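J.: Spelled out, the chains give:
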Amino acid sequence: MGSPDILSICFSAMLTVFIVLSILAVSIHFITRLFPFKEEKKDTTIYAAIASNYSAIYPGTKITKIEEIK
Amino acid sequence: MDALLNLFSQSGFANINLGNLIMFIVSGVLIYLAIAKEYEPLLLIPIGFGILIANLPLAEMGSHDSGIIGLIYSAGIKTELLPPVIFLGVGVLTDFRPLLGRPITFLLGAAAQLGIIVAALGAAYLFGFTYKEAAVIGIIGGADGPTSIFLASKLAPHLLGPVALAAYSYMSLVPIIQPPIMRMLTTHKERAIDMPQAKKVSKTAVLIFPIFTGTVASLAIPSSAPLIGMLMFGNLIRESGVTERLKKTAGGPMIDIVTIFLGLTVGATMAADEFLTTQTLAILAMGAVAFGFSTMGGVVFAKFINLFLPTGKKINPCIGAAGVSAVPMSARVVQTFVSEETDGRVNPLMAAMGPNVAGVIGSAVAAGVFLSLLL
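As you go down the protein sequences, you meet chains G and Y in turn.
Per this note's numbering, the first sequence starts with residue 1158, numbered consecutively.
Per this note's numbering, the second sequence starts with residue 138, numbered consecutively.
Calculated directly from the structure, the hints in this document are not laboratory data.
Note that the structure is a prediction, hence the values are computed from the model and not measured.
Ideal placement from N, C-alpha and C gives every residue a C-beta, glycine not left out.
Fair warning: there could be bad hints in the mix.
[What the hints assert, rightly or not] Computed Cβ-Cβ distance ranges for the label pairs, DEER-style:
#1 THR1201(G) / GLN334(Y): 21 to 29 angstroms
#2 ALA196(Y) / ILE1180(G): 46 to 54 angstroms
#3 ALA173(Y) / LEU1191(G): 47 to 55 angstroms
#4 TYR1215(G) / GLY449(Y): 39 to 47 angstroms
#5 SER509(Y) / LYS1195(G): 37 to 45 angstroms
#6 THR473(Y) / THR1202(G): 47 to 55 angstroms
#7 ALA151(Y) / SER1169(G): 48 to 56 angstroms
#8 GLY449(Y) / TYR1204(G): 33 to 41 angstroms
#9 ILE1180(G) / THR473(Y): 42 to 50 angstroms
#10 LYS1195(G) / LYS440(Y): 34 to 42 angstroms
#11 PRO390(Y) / PRO1216(G): 27 to 35 angstroms
#12 THR1221(G) / GLU175(Y): 41 to 49 angstroms
#13 GLY449(Y) / PHE1187(G): 20 to 28 angstroms
[Claimed, not checked] Pairs of lysine to aspartate or glutamate, EDC-like flavour, derived with a Cα cap of 16 angstroms:
#14 LYS337(Y) / GLU1196(G)
#15 LYS451(Y) / GLU327(Y)
#16 LYS336(Y) / GLU1196(G)
[Said to hold, decoys possible] If you want the footprint, here are the derived chain Y segments under chain G, 3+ residues with CB under 8 angstroms:
#17 257-265
#18 404-417
One chain only, chain Y, in its complex shape (with noise of 0.2 angstroms):
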């Protein structure tokens, strides 16, 4: 009998709290999310499992302990290696000749890094965190899941949970968040603004982009070549059209492998004790404006380079709300949004494409920037 109450009181049941539960609850609504309503599942599903066997007590299944979820933890994300290695996937499945071919669409992917800005000088200025946490926090508006675990792990490991949580529910959620903010900040007759085809891109144009894109980008921020330069490798793979087998491989197995080992580790990062705190919420709180004030950002910047255009060459103004990233979610919402409004006359999903695109360089940018000054 002794020995049965002993092994009782040294399982999860005699050991689990109240905390415990509730991030039960937390990785239940993420999984429900992933799988009912398909929201960001690939990322979802790994980052509510990971919160749930992180809160098993005893199981040392945490980030921070010591069993195979630390191993991956210390080994991926504390040595920066699994974010960049997904930035080499996107890169192979991301196509930027929208991009090359309305270069003015860079402009856009820049203006909507606004919220990076405004949520980092909020958490500093209202929230009292510190200059590298308040960075991290920032960093949400990059809408950009990598980014934003490749800055917190080097700023703030302590919040890459609730940074990493932040940003892909909300980039999860841009199909409810930027609709309102384009239908406030826009007229119908700007909405309607039937942008003409993309001029085509050259073969050569198409591969000297990533090459000089990622020196270029890697010269003026040393700081965020891990991200543009293998975003940029990325690329090179898919458009040299010699290197059909790296493309297979880091646009398929290779990506998916690092997704299911970075979702778990980041949900793993979740354990009670140290996610259900005031500075949770307050992160959570940011994100939110990060996210709006981005989507701002674009959207009112292509309304004022619309004030240079001639008529016939202006830009739907709509299509600037996809600089947050989040790709392609962002360009897709902007696409249904315009097409809804305009009852399908209008249809800017490829023209949404190139700021979606630029906005992923920005945010990078602007990592490598506060790593700069920061660390």
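So that you can see chain G by itself, here it is in the shape it has in the complex (with noise of 0.2 angstroms):
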């Protein structure tokens, strides 16, 4: 087999780029399929208490947002 020429190796290039990227981009849609983002899970107990003691004190606060900070 000859050594190809020009226009045979960028065709290849371009198929070869073409190709990788796009197994990568299947893979990576499974991947994210297979380990999707999970919200973090809310401790409703804690919501709950949180919600109902600042309702006492406050009557008609309505809590929409709880954050920690380690």
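Each chain sits in its own coordinate frame; assemble them with the hints.
T.: Structure follows, in structure tokens:
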């Protein structure tokens, strides 16, 4: 087999880039589905306790966000 | 008196020529652009100063001389050490989440390598460069300095200076090159496509990505492993969360040190007698062609993908322009362009970061193919 000309080298390069990046795209798509992002779990007991305490102290208060600073 | 005359005859003043003076001007322009315009200053200042010292007659400060710069060139560039180390640092500094959250943008990063092919063909057929030289000129279209230097040092070391200069100069000119092309290829309606936020990505997926990508790309094209392997290693250091010291070193002092060495030695390859040739002009011309076609490739392919996407999921085609790499400058250019065109309503910065970082992988793969077929 003779050495390839520049046209076929360029064609091979572009095709390979598309194939490799397509494989990565499909694989990453499945990896992100297999390991989906999960929101941090809310502790409903603590949430209810804080909400009831606050509504007792400040009637009518609505708790919209609880943030824990460690 | 004879001693003084003898000393003068051995000084640079007595040996300077017109070529050296022209290169001083080139050096001055680069340093000016870096300082006054802040165009790629971290690279253009070392490169500009490298050009200056390489053109000081009898100083032996060129990359091909026997002085300290020659030593760094032999140890760092001829051995292909420095570009992969830069990639390690780039991996540490790059957040791949925008790409992982919207994997289809991998394809835009692939399409935006079109300029590599067009410029390589142009260099071979229009200007009569050898295949190896043409490939090195083409890779300018990858808009990735370390990749260009890596490939040039292996396939055509004599073109290293002009190719690196073209790559970094055009990267700094992305804000001027890309907007007219985006405007020409897109309608106002397309520019106004407001893409939803990419889906959030889990920590596990973020950790799997560098390991998987480094392995798959290196298995497919082993000659791209020095670049992609190091890029992905850097990214793993970044994302693992348990190697803070390595992350700080690789993304800070190490990449800075290597950038200094790389910039100086690349600049110092540009001695007047090697740089001031018609070949250099051809390389600069093909570099501009490469950047233009890479931008077009990304934008047009995004429009092509849109033909198959339902309304509401269409891509803003301008983000395809960011596939040329030039991270993160190109993504910022897309953001500024689209935002200005839509009076600030559409801001696709994060969406553009996807193809932007995919382009880094794409150009490294293309370089690997050239190495496999031409070395």
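J.: Hint numbers the structure violates, sorted upward?
T.: 9, 11, 18
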